[in-house]
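There are 2 protein chains.
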Amino acid sequence: MAAVNKPVNNGVNVDALLAAREALKAAPEAAEFTWRASCKWLNGTHSRSTVDSYHGLGQEQKHRTQFSFEADHPEVFASEDNGATPVELVLVGLASCLTAGVAAVAQNRGIQLRSVEAKLEGKMNLYGILGIDSDVRNGYDGIKVTFKIDADASKKDIEALVAQSQKRSAVYDIVTNPTNVTVEVL
Amino acid sequence: MAAVNKPVNNGVNVDALLAAREALKAAPEAAEFTWRASCKWLNGTHSRSTVDSYHGLGQEQKHRTQFSFEADHPEVFASEDNGATPVELVLVGLASCLTAGVAAVAQNRGIQLRSVEAKLEGKMNLYGILGIDSDVRNGYDGIKVTFKIDADASKKDIEALVAQSQKRSAVYDIVTNPTNVTVEVL
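Taken in sequence, the protein lines are chains A and B. All residue numbers for the first sequence refer to the working numbering, where the first residue is 836 and numbers rise by one. All residue numbers for the second sequence refer to the working numbering, where the first residue is 836 and numbers rise by one.
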């Protein structure tokens, strides 16, 4: 049997993305997006957040369905562990952003992915959040991301994929660079 | 009927937290935590992340159950919208961190909470992630958090609660200050 030259399909519609890129160049206001989340306190450190609508392409948009997330602190912090901790949710955001980027870049470069796995670890000294030592930050000392990728490509090309995903990742930017946060009480 | 002087109960065990604070002062190595997430690519920009184990108090720890999160890009990005976007997950992390902090600080200050709601908005210009303009960042231009809190306290005391929660929030620190992220490919 002759070898079949199967087209690369990672499930990313790169043609549509490239067309959107051209369309947005001509309509800058459509590129202004607002993402939202709402959070309700349930009890103790337990909360439920929902993600539902956003603004983009010049109008209000809705997700296909509402997404809901429970967060809590673990039992070792005298809490009920009813959900992931907020800092783990940040790791999930970073992991999913870099992973989506790997798939999109692979599609654009004609690389067929078979599997992509990322493991993330963030180290944190509790002396920060507990207010024991003001020289210790509240957040992560650092985050380590380890990718394991099976794809029709050399190690070097896979590393280049991951590097390009980092370069275009929104969450990588949010975590590695400062973002202004304003907090208001109604 | 006589007024009943009900003790404040926001569901946060402040005594246990203060005891833990003292115990950790005497055992600095127990305060070194590692939080983790694992992410598997499913198809396109769709991934599933899980949160399960962490390290702290000098040993491996497990959440009561594994938490799982689906992330995806929306249909306006030619994706299937099978989950929240990674940048919305960051908003959820920030919202839940500040909300847990409000509850813990309120408990410590003897303020009874009745309800706490937070609405978050992050603005983003897609010219960054699409690589149209290298002067536009990939992440949020800024994030606005709006709290609506019903509690047995003055507006001023409620604002002070929120300010103290910000001051001790791990995710607020991660978002507003730079965090080093290293990415490795196995």
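Heads up, some of the hints might be wrong.
Since the list can't tell identical chains apart, any single copy or any two copies may satisfy a pair.
[What the hints assert, rightly or not] Here are the simulated DMTMM-like cross-link-like pairs (lysine to aspartate or glutamate), alpha carbons at most 20 Å apart as the crow flies: (1) Lys860 / Asp970; (2) Lys860 / Glu1019; (3) Lys860 / Asp850; (4) Lys897 / Glu1019; (5) Lys875 / Glu864; (6) Lys991 / Asp850; (7) Lys958 / Asp985; (8) Lys983 / Glu867; (9) Lys897 / Glu956; (10) Lys954 / Asp887; (11) Lys897 / Asp916; (12) Lys991 / Glu915; (13) Lys954 / Glu1019; (14) Lys958 / Asp976; (15) Lys990 / Asp976; (16) Lys954 / Asp850; (17) Lys983 / Glu864; (18) Lys991 / Glu905.
Quick caveat, the hints were computed from the structure, so don't treat them as lab data. None of these values were measured; they are calculated from a predicted model.
Comparing the hints with the structure gives:
no.: 1; hint: Lys860 / Asp970; in the structure: between (45 Å within a copy, 14 Å between copies)
no.: 2; hint: Lys860 / Glu1019; in the structure: neither (34 Å within a copy, 33 Å between copies)
no.: 3; hint: Lys860 / Asp850; in the structure: within (16 Å within a copy, 57 Å between copies)
no.: 4; hint: Lys897 / Glu1019; in the structure: neither (25 Å within a copy, 35 Å between copies)
no.: 5; hint: Lys875 / Glu864; in the structure: neither (32 Å within a copy, 34 Å between copies)
no.: 6; hint: Lys991 / Asp850; in the structure: neither (25 Å within a copy, 53 Å between copies)
no.: 7; hint: Lys958 / Asp985; in the structure: neither (27 Å within a copy, 35 Å between copies)
no.: 8; hint: Lys983 / Glu867; in the structure: neither (34 Å within a copy, 27 Å between copies)
no.: 9; hint: Lys897 / Glu956; in the structure: between (32 Å within a copy, 15 Å between copies)
no.: 10; hint: Lys954 / Asp887; in the structure: between (28 Å within a copy, 12 Å between copies)
no.: 11; hint: Lys897 / Asp916; in the structure: between (30 Å within a copy, 10 Å between copies)
no.: 12; hint: Lys991 / Glu915; in the structure: neither (45 Å within a copy, 30 Å between copies)
no.: 13; hint: Lys954 / Glu1019; in the structure: between (35 Å within a copy, 10 Å between copies)
no.: 14; hint: Lys958 / Asp976; in the structure: within (6 Å within a copy, 26 Å between copies)
no.: 15; hint: Lys990 / Asp976; in the structure: neither (29 Å within a copy, 35 Å between copies)
no.: 16; hint: Lys954 / Asp850; in the structure: neither (30 Å within a copy, 35 Å between copies)
no.: 17; hint: Lys983 / Glu864; in the structure: neither (38 Å within a copy, 31 Å between copies)
no.: 18; hint: Lys991 / Glu905; in the structure: neither (39 Å within a copy, 29 Å between copies)
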